[in-house]
Amino acid sequence: MTRGTLSSLHHAPALLPFDRSSIDVATVFREHGAFVHRILRRLGVHPADVDDALQEVFVVVHRRLPEFDRDASMRPWVYGISVRVASRARRRRWSSREVGAEEAPEPIDPTTPLDSVAAKQASEVLSVILDQIDDEKRAVYVLHELEELSVPEVAKVLGCPVQTAYSRLRAAQVAVADAVRRYRLREGI
Amino acid sequence: MSRDPQELNAPTIGAASDEEFLRAIQRAERGALPTEAKMRELAERIGPLSPATSIAARLLDWRLAVLAASSILVLGAVALQWRASETTPSAAPASVVDEAPPSEEPAPPPPAAEPVAVAPVVSVDALPTATATAPSRPRAALAEATCPGEIELVEAIDAALRAGDAEGALGRARQLEARCKSGRFVQERERLAIEALARLGQRDEVKARARTFEQRFPTSPHVWRIRSLAEGDSR
Numbered sequence: 001m002t003r004g005t006l007s008s009l010h011h012a013p014a015l016l017p018f019d020r021s022s023i024d025v026a027t028v029f030r031e032h033g034a035f036v037h038r039i040l041r042r043l044g045v046h047p048a049d050v051d052d053a054l055q056e057v058f059v060v061v062h063r064r065l066p067e068f069d070r071d072a073s074m075r076p077w078v079y080g081i082s083v084r085v086a087s088r089a090r091r092r093r094w095s096s097r098e099v100g101a102e103e104a105p106e107p108i109d110p111t112t113p114l115d116s117v118a119a120k121q122a123s124e125v126l127s128v129i130l131d132q133i134d135d136e137k138r139a140v141y142v143l144h145e146l147e148e149l150s151v152p153e154v155a156k157v158l159g160c161p162v163q164t165a166y167s168r169l170r171a172a173q174v175a176v177a178d179a180v181r182r183y184r185l186r187e188g189i
Numbered sequence: 001m002s003r004d005p006q007e008l009n010a011p012t013i014g015a016a017s018d019e020e021f022l023r024a025i026q027r028a029e030r031g032a033l034p035t036e037a038k039m040r041e042l043a044e045r046i047g048p049l050s051p052a053t054s055i056a057a058r059l060l061d062w063r064l065a066v067l068a069a070s071s072i073l074v075l076g077a078v079a080l081q082w083r084a085s086e087t088t089p090s091a092a093p094a095s096v097v098d099e100a101p102p103s104e105e106p107a108p109p110p111p112a113a114e115p116v117a118v119a120p121v122v123s124v125d126a127l128p129t130a131t132a133t134a135p136s137r138p139r140a141a142l143a144e145a146t147c148p149g150e151i152e153l154v155e156a157i158d159a160a161l162r163a164g165d166a167e168g169a170l171g172r173a174r175q176l177e178a179r180c181k182s183g184r185f186v187q188e189r190e191r192l193a194i195e196a197l198a199r200l201g202q203r204d205e206v207k208a209r210a211r212t213f214e215q216r217f218p219t220s221p222h223v224w225r226i227r228s229l230a231e232g233d234s235r
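In the order they appear, the protein sequences are chains U and V. Take the first sequence: its letters are residues 1 to 189, numbered as in our numbering. Take the second sequence: its letters are residues 1 to 235, numbered as in our numbering.
One chain only, chain V, in its complex shape:
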């Protein structure tokens, strides 16, 4: 297969660093969305969720109504079982479907569950998901204890950067540096600060801080990103 002459001079997969390779893959993968025809097909499958449009829909809602009542007991049992022991997902009854994230439902009412014929599955809440295995509060409290307010400032820097406020992000990063010289999230703080500097076009400082970072944290996962920032990628 012949290639466009311009492509012949372009950097190739084989010659790319691991970081460049991964970025190229991730960039290309963004285009891997389902086709319009596929979405139409999926829409047809989702369509019966409307009870007004089909027999299947009426059946679904009938089942939802029945299960809304019957699942109260089932979910109660699942919840008790899960709360009691977050390590035995396989013991959960196989009759209810997934739940929304816990953060969205502090006191969830019993959801209407799907019948086995539609979704013959175990509640995801009863499976060892990231949520189920999240570390307990004491661990979080321990992290906070090293430098109170550190995580909130890291979040604020991140938020400012995402909002396009590089100046604000940098100011908060300096504030955090002054407050938590050797906090737990020094690497994140530095990465965000360097991102902010890159967006502000402060190339010399970006390079200097990138060098310092790499010397201090040579095995950090942020090295890739920081290195590319130093090389001029401030996307």
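With the rest of the complex left out, here is chain U:
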């Protein structure tokens, strides 16, 4: 991984490079920023909170980067931080009694071809489905099924035994299947 700056991609000011490595926050942001944004939504962070949560993720990255094991994979490490930040963002919104502020997505037209669903609408529908499962299962499902991390990587991200990750994944898959069925019944699609 080479050192980079945000300005090289987004014309923002260059970030502080970390002197003991060739990795800096700019590099992490450039390579993972968009995916962090997406995973925060996948993990149930309210759309209005995602930008703040992303900023929080990179504040933690900035702080912890010198301790990052250079031989380890960056993505699970960043996702681990994202999972924790997302958890807190959800709780913060919940405790501020702003739950439910998110508008229900437009139902998908049943005649839409399978390969023609708009990304934004898909994201909203997926959120509704994933909102039906608990946080632990959701995290495992998102990391494995959507982010395509291996189960051992998921276990590492979540700090749980691998067999626990497998068990949660199995339970999550059942829960998601159930949520899909209920969603389609409800929406008549």
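Just so you know, the hints here were simulated from the structure itself, not pulled from any lab data. Beta carbons: idealized from backbone N, C-alpha and C, even for Gly. Take the hints with a grain of salt, since some may be wrong.
[As the list claims (entries may be wrong)] Computed, partial: chain U to chain V, Cβ under 7 Å:
no. : residue
1   : Ala34
2   : Pro107
3   : Pro110
4   : Thr112
5   : Leu114
6   : Val117
7   : Gln173
[Stated by the list, open to error] Heads up, simulated SDA-like pairs for lysine to any residue below, C-alpha to C-alpha not over 20 Å straight-line:
no. : chain 1 : residue 1 : chain 2 : residue 2
8   : U       : Lys120    : V       : Arg225
9   : U       : Lys120    : V       : Lys207
10  : U       : Lys120    : V       : Glu231
11  : V       : Lys38     : U       : Gln121
12  : V       : Lys38     : U       : Ala118
13  : V       : Lys38     : U       : His32
14  : V       : Lys38     : U       : Glu67
15  : V       : Lys207    : V       : Arg225
16  : U       : Lys120    : V       : Ala37
17  : V       : Lys38     : U       : Glu145
18  : V       : Lys38     : U       : Arg170
Keeping the supplied structure of chain U fixed, place chain V upon it in accordance with the hints.
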């Protein structure tokens, strides 16, 4: 709104099975990344992390330095409180920010925390995250006891498959089957074996094993995936 004639013949959301529906949604959702303009805006927000570039950055680093010292006591208290009782997240002090995953930091030094003005929040370590509620080692040990080494072999099969070594994955799956006939992760083993067979193009065996799997585990969450493998999806 008129549709492309080709689209009219394509499978639709309404006619799709639940699995097809979910896959279509997940496929489309992959494109839901922030725009370039959005990323530029976010980069501007992240930019002040550099102390050399702005006043905000200097303030941030000043705060980081102060809090690096002061948070030692705070985090110590949080850690003690959390270790003592992993079920009382709301009791934690609201003055520090999130931590990296525990697996990345076996002996973490006290992190520099953000001031309340920037991140007026409770340490995520003090919240009931997946990490905090992970089952204890005895439970894991119990799982292992049913067939020692089972989980390691499942991991090895998964790793081989992800590395594109379907032959290796299949070999390990057979090894696991011989060693742990009725282990705890039989379903996972079978799913991975069928995935490997599908990638090797062994269609007849895929179909046969898929049928057997569905008869044996009709309510398994893997049925969807295995069914689609049997129908020819070996992505």
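Hints versus structure:
1. Ala34: Holds, about 5 Å.
2. Pro107: violated (10 Å)
3. Pro110: holds (3 Å)
4. Thr112: Holds, about 5 Å.
5. Leu114: holds (4 Å)
6. Val117: Given a least distance of 4 Å, the restraint on Val117 of chain U holds.
7. Gln173: Status holds, d = 3 Å.
8. U:Lys120 / V:Arg225: violated (25 Å)
9. U:Lys120 / V:Lys207: It is violated: about 36 Å lies between the C-alpha atoms, which goes past 20 Å.
10. U:Lys120 / V:Glu231: violated (29 Å)
11. V:Lys38 / U:Gln121: Between Lys38 of chain V and Gln121 of chain U the Cα gap is close to 18 Å, so the pair holds against 20 Å.
12. V:Lys38 / U:Ala118: This hinted pair holds, its Cα atoms lying about 19 Å apart.
13. V:Lys38 / U:His32: Given pair Lys38 of chain V, His32 of chain U holds - Cα atoms ~14 Å apart, limit 20 Å.
14. V:Lys38 / U:Glu67: violated (29 Å)
15. V:Lys207 / V:Arg225: Holds. Lys207 of chain V to Arg225 of chain V sits at ~12 Å (cutoff 20 Å).
16. U:Lys120 / V:Ala37: Judged against 20 Å, a Cα distance of about 16 Å means the pair holds.
17. V:Lys38 / U:Glu145: violated (26 Å)
18. V:Lys38 / U:Arg170: With a Cα-Cα distance of about 35 Å, the restraint between Lys38 of chain V and Arg170 of chain U is violated, given a limit of 20 Å.
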